[in-house]
Amino acid sequence: MKTLALAVAAAFAATLSFPGSTLAQEKTIKIAGFAAKSGVVRSFGVNSEAAMLAAAEIINKQGGVRLADGSKAKMVVEFLDDRCSAEEGISIIRRIYGGDALVAVGPTCSNVAEPLFGILQKKVDDKGDSGLQMPVFTDVAIKGGLAKISEWAFRNVPSELTMYASLFQWLKTKHPNAQTVFGGVEEDFAHSRASWYAVMKDGAEKNGYKVLGNAKWLLNDSNFATQVREMKAANADIVAIAAHPFTTCGVLKEMQRQGVKPKVVVGLTSSSSLETLQGCAKQAEGIIIPTSLAPVNKEAKFAADQTAKFKGAADLHSMATWENMFILKQVIESEKVSGDKNQLQADRRKIRDGLAKLKTTDGLLGVTKRTDDREADKPYLFVHANKGEWKVLHDPL
Amino acid sequence: MLDFLQAVSDGVLFGATYALIGIGFTLVFGVMHKLNLAYAAASIGGAYCGLLILKLAAGAPALLVFLCAFLAGGILGYLVYLTCFHFIPLSNPLAALMATVGMLLLIDEIIVHGTQGMPQNYPALFDDVMLNAGGLTLRGDLLLVFVICVLCMAGLLALLYRSKLGLATRAVSQQPVAAQLCGIRVAKVNAMTFVITGLLGGIAGAMIGAAIGALSPVITAPVTVKGLVVTVIGGLGSIPGAIVAGLLVGGFENVFQLYRGVTERDLYVMLLLFVFLIFRPGGIFAGKGGGH
Numbered sequence: 009m010k011t012l013a014l015a016v017a018a019a020f021a022a023t024l025s026f027p028g029s030t031l032a033q034e035k036t037i038k039i040a041g042f043a044a045k046s047g048v049v050r051s052f053g054v055n056s057e058a059a060m061l062a063a064a065e066i067i068n069k070q071g072g073v074r075l076a077d078g079s080k081a082k083m084v085v086e087f088l089d090d091r092c093s094a095e096e097g098i099s100i101i102r103r104i105y106g107g108d109a110l111v112a113v114g115p116t117c118s119n120v121a122e123p124l125f126g127i128l129q130k131k132v133d134d135k136g137d138s139g140l141q142m143p144v145f146t147d148v149a150i151k152g153g154l155a156k157i158s159e160w161a162f163r164n165v166p167s168e169l170t171m172y173a174s175l176f177q178w179l180k181t182k183h184p185n186a187q188t189v190f191g192g193v194e195e196d197f198a199h200s201r202a203s204w205y206a207v208m209k210d211g212a213e214k215n216g217y218k219v220l221g222n223a224k225w226l227l228n229d230s231n232f233a234t235q236v237r238e239m240k241a242a243n244a245d246i247v248a249i250a251a252h253p254f255t256t257c258g259v260l261k262e263m264q265r266q267g268v269k270p271k272v273v274v275g276l277t278s279s280s281s282l283e284t285l286q287g288c289a290k291q292a293e294g295i296i297i298p299t300s301l302a303p304v305n306k307e308a309k310f311a312a313d314q315t316a317k318f319k320g321a322a323d324l325h326s327m328a329t330w331e332n333m334f335i336l337k338q339v340i341e342s343e344k345v346s347g348d349k350n351q352l353q354a355d356r357r358k359i360r361d362g363l364a365k366l367k368t369t370d371g372l373l374g375v376t377k378r379t380d381d382r383e384a385d386k387p388y389l390f391v392h393a394n395k396g397e398w399k400v401l402h403d404p405l
Numbered sequence: 018m019l020d021f022l023q024a025v026s027d028g029v030l031f032g033a034t035y036a037l038i039g040i041g042f043t044l045v046f047g048v049m050h051k052l053n054l055a056y057a058a059a060s061i062g063g064a065y066c067g068l069l070i071l072k073l074a075a076g077a078p079a080l081l082v083f084l085c086a087f088l089a090g091g092i093l094g095y096l097v098y099l100t101c102f103h104f105i106p107l108s109n110p111l112a113a114l115m116a117t118v119g120m121l122l123l124i125d126e127i128i129v130h131g132t133q134g135m136p137q138n139y140p141a142l143f144d145d146v147m148l149n150a151g152g153l154t155l156r157g158d159l160l161l162v163f164v165i166c167v168l169c170m171a172g173l174l175a176l177l178y179r180s181k182l183g184l185a186t187r188a189v190s191q192q193p194v195a196a197q198l199c200g201i202r203v204a205k206v207n208a209m210t211f212v213i214t215g216l217l218g219g220i221a222g223a224m225i226g227a228a229i230g231a232l233s234p235v236i237t238a239p240v241t242v243k244g245l246v247v248t249v250i251g252g253l254g255s256i257p258g259a260i261v262a263g264l265l266v267g268g269f270e271n272v273f274q275l276y277r278g279v280t281e282r283d284l285y286v287m288l289l290l291f292v293f294l295i296f297r298p299g300g301i302f303a304g305k306g307g308g309h
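Those protein sequence lines, which keep their order, are chains A and B. Heads up, my numbering is the position in the first sequence plus 8, with the first residue counted as 1. Heads up, my numbering is the position in the second sequence plus 17, with the first residue counted as 1.
Careful: at least some of the hints might be erroneous.
Partner residues aside, some chain B positions facing chain A, computed with beta carbon under 7 Å [said to hold, decoys possible]: (1) T100; (2) R156; (3) A195; (4) V279; (5) T280.
FYI, nobody ran anything at the bench for these hints, they're computed from the structure. Even for Gly, the Cβ is constructed at its ideal location relative to N, Cα and C.
With the rest of the complex left out, here is chain A:
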């Protein structure tokens, strides 16, 4: 027995010391993802995780990421569920900070991102600020201007302000007879509210449309008769719905029942997803939505196929997660990250500085410009629901 133990110990020691051994070579860089994987927004987390794992697999198959000493490391993904809850999100970012992840990618919900960015150090090198010094590279939470909260926060989400201003401008040329707009808004959801009051309404008015009013409902409402009657009474040429798929579908179905047929229906960016088609493909037919992702080229189709292998769907959100992984690979290599666990905080700082330095990044639809306030100016398209699929209607760029 003693001999056997000695033999095992000797073999183990030999494995460790042998230069070509797997154990000696295998370095890893951990990227922590966090998103909503339970509750009604679970699909966002599932898709983001799938995209992250798929991107990591591709990167690792290509040899991994190059570290400062010239060696290669594999990208390892740890994915956590924040349940779209601010408390859970804050708890998770603290856990990630206490662990060995180099950078965090997430969250799904803007109501998580906002308080979470608030506990990060606001200004880099501010000795009086004990906030977390952890780079967070957001892929999904889309409410405008959030990265301003902390210099450790970065986002790769499309600018709704730009997209909707462009959409209304295009509608002016495409439907010159359309003069009026009526809005519909999920009043209790931060992103929907911001999208209607600060983005769609503003974009419509700036392009010369008369906004006739708006109807309001709540995220978990089930009866939209009164709101659609208001919509019908307004008789606007364009109806803009700032709501997520479930209530968008409820409203579209009620519009069909009451015979509300505007010239154009505009939807919320987040509704250009499989969820809307699953809930009401027939009623959503023709709805126009600006989005930063459609599988229109080889790269986007490849990313969608790879994500599907991990049981995720490609949409504007999950493909931002995919892009983030490749951007992080680029930053790890350009900033000469050591990958040494003892240098973790210095490496995190290198990631932050590297992300801050970026002026452009490669995206699936083309080059994304980075802004000084750490946001993205992503390429976008206008898609419409057509026979149960999202198809490209117009490429404004």
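Got chain A; can you put chain B on it based on the hints?
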């Protein structure tokens, strides 16, 4: 005035689904003197199970989906009884209550995992029919939902007041010990109560899905709250009370929404609940002593 009447008619028709949910809560309370907080979640769960038939046979008629929801509701009702009541000591009222809270969350999360939280298209009958009546427009599908709900309520009342099982159920509800001494198997009656309310819940869930045109896990919480409000306003244990309260809450909700907006709507519904709790704690049909 027309807007007011339109809001009332829309609300009352939709309120039929609240009434069905309220009946489920009230029947279990009436028989066992326990609240089954998982009832609305199980009802929505039954409605989701109804959709499974569309996976097996695409294009199956809506009635078949409703039938499956009805049956699945009964099975879920029995499972809820087994897990939250049968194996849990009923002497501790909080144990059963908390078990049903756990079951509510469990069913909700199973739905979320099964559907990834995505809304599911739900079939309806006559969803393209709109009837005009003196300037009011009435949704054909909601009228059907209303009729189905009324039939279910009538069927339930007939079962309770015209069958041996109903007699046994009422006996257990009023005097469980005396009922047991008369040879009624209380556990069996309790289980049957859950199956019956489950069947009713399955239909209620399907009708909610049909009325909205889609199902999503987001609706379990509000349906649970509405069901409880209806149960309290109608009077705990009163079936006619639950029916009237369901229609009342549906109508009030829409009127408040029309005049005060969606953000204040639920505030007024809750105020209505408190008005009843203070001035008529036994519910709409409470007797002089406050009970039924």
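**Message:** Hint compliance check: list the failing hint numbers for this structure, sorted ascending.
**Reply:** 1 and 3
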